[in-house]
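A.B. asks: Modelling step: build the complete structure from the supplied sequences, incorporating the hints.
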Amino acid sequence: MIEGLQPYAEYKESGLPWLGRVPSHWVTKRGKSYLTCIDQRSKGGKEELLTVSSARGIVPRRTAKVTMFKAASYAGYKLCWPGDLVINSLWAWGGGLGVSQHHGIISTAYSVYRSRPSAHINPRFLHELVRSRPFNWELHVRSKGVWISRLQLTDVSFLDAPIPLPPPDEQAAIVRFLDHANRKIDGFIRAKRKLIALLGEQKQAIIHRAVTGKDEVRMMKDESGTSSFILQPSSLPKKPSGIPWLGDIPKHWQIVRNMALFSHRVEPGVVGLPVLQVSLRSGITAEELDQFGRPKRLIADATKYKLLRKDDLAYNTMRMWQGAVGVAPTDGLVSPAYVVIKPRANTVPEFYDFVFHTEVYKQQVNRQSTGIVSDRNRLYWDSFKQMPNLNLPRNEQKEIVAFIMSETSLLNTAIARTEREIALMQEYRTRLTADVVTGKLDVRPAAANLPDVPEDTAIEIAPTEEQLEEAEEL
1 MIEGLQPYAE YKESGLPWLG RVPSHWVTKR GKSYLTCIDQ RSKGGKEELL
51 TVSSARGIVP RRTAKVTMFK AASYAGYKLC WPGDLVINSL WAWGGGLGVS
101 QHHGIISTAY SVYRSRPSAH INPRFLHELV RSRPFNWELH VRSKGVWISR
151 LQLTDVSFLD APIPLPPPDE QAAIVRFLDH ANRKIDGFIR AKRKLIALLG
201 EQKQAIIHRA VTGKDEVRMM KDESGTSSFI LQPSSLPKKP SGIPWLGDIP
251 KHWQIVRNMA LFSHRVEPGV VGLPVLQVSL RSGITAEELD QFGRPKRLIA
301 DATKYKLLRK DDLAYNTMRM WQGAVGVAPT DGLVSPAYVV IKPRANTVPE
351 FYDFVFHTEV YKQQVNRQST GIVSDRNRLY WDSFKQMPNL NLPRNEQKEI
401 VAFIMSETSL LNTAIARTER EIALMQEYRT RLTADVVTGK LDVRPAAANL
451 PDVPEDTAIE IAPTEEQLEE AEEL
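Just so it is clear: in the sequence shown, position 17 is 17 by the numbering used here, and no numbers are missing.
If you are wondering where the hints come from, they were derived from the structure by calculation, not from laboratory data. Hints are supplied without guarantee of correctness; some may be wrong.
The calculated label-pair distances, taken between Cβ atoms and stated as ranges, are [as the list claims (entries may be wrong)]:
no.	residue 1	residue 2	range
1	Arg61	Thr370	18 to 28 Å
2	Glu421	Gln386	38 to 48 Å
3	Arg30	Lys310	48 to 58 Å
4	Arg394	Ala109	51 to 61 Å
5	Pro329	Ala197	25 to 35 Å
6	Gln363	Tyr428	32 to 42 Å
It should be emphasised that the depicted structure is a prediction, and the values quoted were computed from it without experimental measurement. Cβ atoms here follow ideal geometry from the backbone N, Cα and C, with glycine treated the same way.
C.D. replies: Here's what the structure looks like:
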């Protein structure tokens, strides 16, 4: 994609720490030379409702669930049109800005800027520039606030930010090149995510059949005496579980309430323990940085947290229905919004962690969760403890866990590898965009040789036969 790309022939110093040298024919002026702040309001509030996504820029709100803060009327909300730059003043430094491709209404907390007729600025180029990693430096230093999570981006401060601008035809070439690059990158990422979904389905099938007793885990020994577990159709006598989503279970298994398997741990935190969190993908981990790569703000008083002991399970009350639950790898502290459950004597925590992550159990959790709106429903201990669950001999729980760990290890490795490939491609996109919009690479020759592709056409890259065969083998 970048083969043959070269720097420009001549450069000059910009005098800006985040920009460095720029092509000698580029012009750098303050934002107020190109943009003006506008504040036009909707009279009826009937226009399309828009929002700012840190990942995609300005998008229609119909693409996300909006229930918790839904207004009775949107009259008086700000208006924006295609080509307008919209900034969420609280989250500009976190990617909360972009040039809109839609006409609609936005929150009154957002700022709207429009290009001056004499500016000759390509809105798509402006979109890529202000969302680029180098320009983020300007957003950080021009934001004001007491706490880093509440930084404000004032109108005057932003309009004073320098904006490097190439000639109009060069802006168009840059946009053309980045559009082509993004289509190819998006196609690559879609293909990898399809592969992850396929691997995930196979993993879920293995877990579901093992933990629900649909198949039987048996221990086998080879000639050297090495033990291993296999999964095969169960020959054990079955009985109705009395639970529609579960069906028949082995006759010696039981159905009990969660309170028979776990007790509720409600103990204040202890000084010196790490602060842990529950992740949808990786269970309980100790993350020192937040989603924007900044050090997390922690509560100074450890007793405000909940105590979590090794092998306890903890779940996020609002996200348990999505699988936000895990087994503690060590003693630690968790948010007071989490529920901490202590396994009883015959409960193997890893077995029930697998149970809680099955799709059928997550659906039951969703039905038992309560709240004002569906996407903010919570599952508290009083509801969780009454939910039915499987109860089987401890040795069988351990055998099933050993089998699942062994059988899914290759799948987990393949998923992790594919996720890493996606992360690397996303980082490549970020770096490529930064180099192009700041003039480190000249894309004009490459853009001139690109094929014509309609703007709304995405390049689909399906998983290759080799990828599909690899998934099937795993």
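A.B. asks: It remains to establish, for every hint, whether it holds in the given structure.
C.D. replies: Okay, the hints, checked on the actual structure:
1. Arg61 <-> Thr370: 18 to 28 Å: Since Arg61 and Thr370 have Cβ atoms about 25 Å apart, the given range 18 to 28 Å holds.
2. Glu421 <-> Gln386: 38 to 48 Å: Since Glu421 and Gln386 have Cβ atoms about 43 Å apart, the given range 38 to 48 Å holds.
3. Arg30 <-> Lys310: 48 to 58 Å: Since Arg30 and Lys310 have Cβ atoms about 56 Å apart, the given range 48 to 58 Å holds.
4. Arg394 <-> Ala109: 51 to 61 Å: holds, 54 Å
5. Pro329 <-> Ala197: 25 to 35 Å: For Pro329 and Ala197 the Cβ distance comes to about 27 Å; the hint holds.
6. Gln363 <-> Tyr428: 32 to 42 Å: Taking Cβ atoms as reference, Gln363 and Tyr428 lie about 38 Å apart, which means the hint holds.
This entry satisfies every hint, going by the numbered hints stated previously.
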